[in-house]
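Between the sequences and the hints, there should be enough to build the whole structure, so can you do that?
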Amino acid sequence: MNLRDKHLWEVVATGLLLGALGVLLSLWGNPENSGICVSCFMENSAGALGFHDNPRMQYLRPELIGFVLGAALSSLAFREFRSRGGSAPLPRLVAGIFLMVGCGVFIGCPIKLFLRIAAGDLTAVAGIAGLVAGVWVGLKGLASGVELGAHSREREGSGFLVPAFFVLLLMFLVVRPGFIIFSDRGGAAEHAYWPISLGAGLLLGALAQRSRFCITGGVRDTLLMGFRSYMFSGTAAFLTAALVLNLASGRFHPGLAGQPGAHTDHLWSFLGMGLVGWLAVVIGGCPFRQLVKAGEGDADAGLVVIGMFIGSALVQSWGIAATTAGVPLVGKVAVLVGFVFIIASNLMLRERTA
Amino acid sequence: MPKDAYDRSLWFLLAVTLAALVLVLSGHETGSGKNRAGLDKALERQMAYQARVDLIRKLYGPAESLLQAGDFQGALFKLDELARQYPQEAHGSILKGEILSRMGALEEALASYVEGVRLNGDYVDGKSPLSRRTEIQKVADEGLRVIGSRSRANPGNRSLAVALNNVNYLRSRLAGGCE
Chain A
1 MNLRDKHLWE VVATGLLLGA LGVLLSLWGN PENSGICVSC FMENSAGALG FHDNPRMQYL
61 RPELIGFVLG AALSSLAFRE FRSRGGSAPL PRLVAGIFLM VGCGVFIGCP IKLFLRIAAG
121 DLTAVAGIAG LVAGVWVGLK GLASGVELGA HSREREGSGF LVPAFFVLLL MFLVVRPGFI
181 IFSDRGGAAE HAYWPISLGA GLLLGALAQR SRFCITGGVR DTLLMGFRSY MFSGTAAFLT
241 AALVLNLASG RFHPGLAGQP GAHTDHLWSF LGMGLVGWLA VVIGGCPFRQ LVKAGEGDAD
301 AGLVVIGMFI GSALVQSWGI AATTAGVPLV GKVAVLVGFV FIIASNLMLR ERTA
Chain B
1 MPKDAYDRSL WFLLAVTLAA LVLVLSGHET GSGKNRAGLD KALERQMAYQ ARVDLIRKLY
61 GPAESLLQAG DFQGALFKLD ELARQYPQEA HGSILKGEIL SRMGALEEAL ASYVEGVRLN
121 GDYVDGKSPL SRRTEIQKVA DEGLRVIGSR SRANPGNRSL AVALNNVNYL RSRLAGGCE
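So the protein sequences, as listed, match chains A and B.
Note that our numbering has the first sequence beginning at 1, numbered continuously upward.
Note that our numbering has the second sequence beginning at 1, numbered continuously upward.
Hints should not be assumed to be uniformly reliable.
Said to hold, decoys possible - Heads up, simulated SDA-like pairs for lysine to any residue below, C-alpha to C-alpha not over 25 Å straight-line:
#1 Lys-127/B x Arg-251/A
#2 Lys-41/B x Phe-309/A
#3 Lys-78/B x Leu-173/A
#4 Lys-41/B x Ser-158/A
#5 Lys-41/B x Arg-185/A
#6 Lys-41/B x Arg-251/A
Just so you know, the hints here were simulated from the structure itself, not pulled from any lab data.
Put into structure tokens, the structure is as follows:
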């Protein structure tokens, strides 16, 4: 590991800030252990736009807007914004839907998975095992010739569509037109003051764009290169920052029982995160990374983001989401259908040598 | 940047369309308010929710009065009647939990609270007008202390295991999180 490499410190700084803000945003008003959770925020935002009618899960999360716009501004400032796309658009869109299914059954995205662990929630251990297993299986697939195909450079306009959509969401957040719905109770009613959330999102989006930080990317690189990979250092920094702040603020409660927003259906936690890990390897990044890539002009990641919006709405409308009471039958079925999708995709997308 | 006449006309049209958009939006703001009211889903929903809360208070008022007067049996009888009419209404389960808790039937009270909270999470939400967070927290804490120790002493007891699961469910809901 080259300690003089600027990129290493960019990755570590992103990890530290992600962990710190993940805890601080909870302290400032976001739900417990959900200071940052891309899937929860997606479900909240889909609800605010009227895509589902759970009155406790509707709020246009400024962090989400910040991730995309921060990445867009950073990529423009550093001349890295490039409109690109055309690599298996529909499979990516469907993958986005199933990413949210996996997260909904686990109750949280890979970022929240680590935030839960850092708060002492031992039910998340099954999720970590599932995520690592999913990434490992995904890597086996890549090594065996599974790939979605190369991106092609597109005309400049297409890469701006997703950032433009998030600018529109920002306007909705500020102006608050009547058709946007904000919960006045439940998890979505718990939020930090929106300029703080937006600022945190912008900062993290910009840093993640520079560092290419990704949770599943961290697991992937660690499996491939061992502990000397930069992403491992970033993930370790993330966990350390979150753990230290949780301990300092008295929010570290180790145990299996009574954890906020968690269930004890360990098999389904494992499978939910396993599905997320496998999908993320095939499409090139966790839900957070997809938002950042969409911000820097990647229209393929943009389609994953749209898929994630659709998935978030379905997770709530069809009762797929797990609750503290456990994983509903529909959720279990949806995860298994997700596995059917990814297995079939691997079979069809594999380039076989004669 | 515009390179020819077609580009220039497109830029011009874009500017005109954006100006029209601003005009339409500003006209809508200062308009009669008819359309605005039609679109204000938040207000509509708030009113519907308030009406629901008022209806619940009206329906369950007699049972609550009996409970406050200490007539637990009468209150339970009234709640049974209401449960037949409104089987999916959480408020009855919450009140039943409160009555059973006052009667000292801790395991049954926990089961009843769990049933109510599963049907409607508003009861553990500090911001909801229906909130019974303090009462539920008290029963969950007592459950952890009493049932936790009994469960450790009798690890094979299934009913204690179910009651402990109920305690943990309530603790988890009270701890918050996003769901």
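Take the C-alpha atoms of Lys-41/B and Ser-158/A, compute the straight-line distance between them, and say whether it is at most 25 Å. 33 Å, violated
Run the distance test for Lys-41/B versus Arg-185/A: straight-line Cα separation, threshold 25 Å. Since the Cα atoms of Lys-41/B and Arg-185/A sit roughly 15 Å apart, the hinted pair holds (cutoff 25 Å).
Would the pair Lys-41/B and Arg-251/A pass a check requiring their Cα atoms to be no farther apart than 25 Å? 36 Å, violated
Next pair to validate is Lys-41/B with Phe-309/A; report whether the Cα-Cα distance is within 25 Å. Roughly 21 Å separates the two Cα atoms, so the pair holds.
Quick one, are Lys-127/B and Arg-251/A close enough, alpha carbons at most 25 Å? Judged against 25 Å, a Cα distance of about 22 Å means the pair holds.
Just to be careful, I want the Cα atoms of Lys-78/B and Leu-173/A compared with a cutoff of 25 Å; is the pair within it? Violated: Lys-78/B and Leu-173/A sit about 46 Å apart, past 25 Å.
Hint violations for this structure: numbers 3, 4, 6, all remaining hints satisfied.
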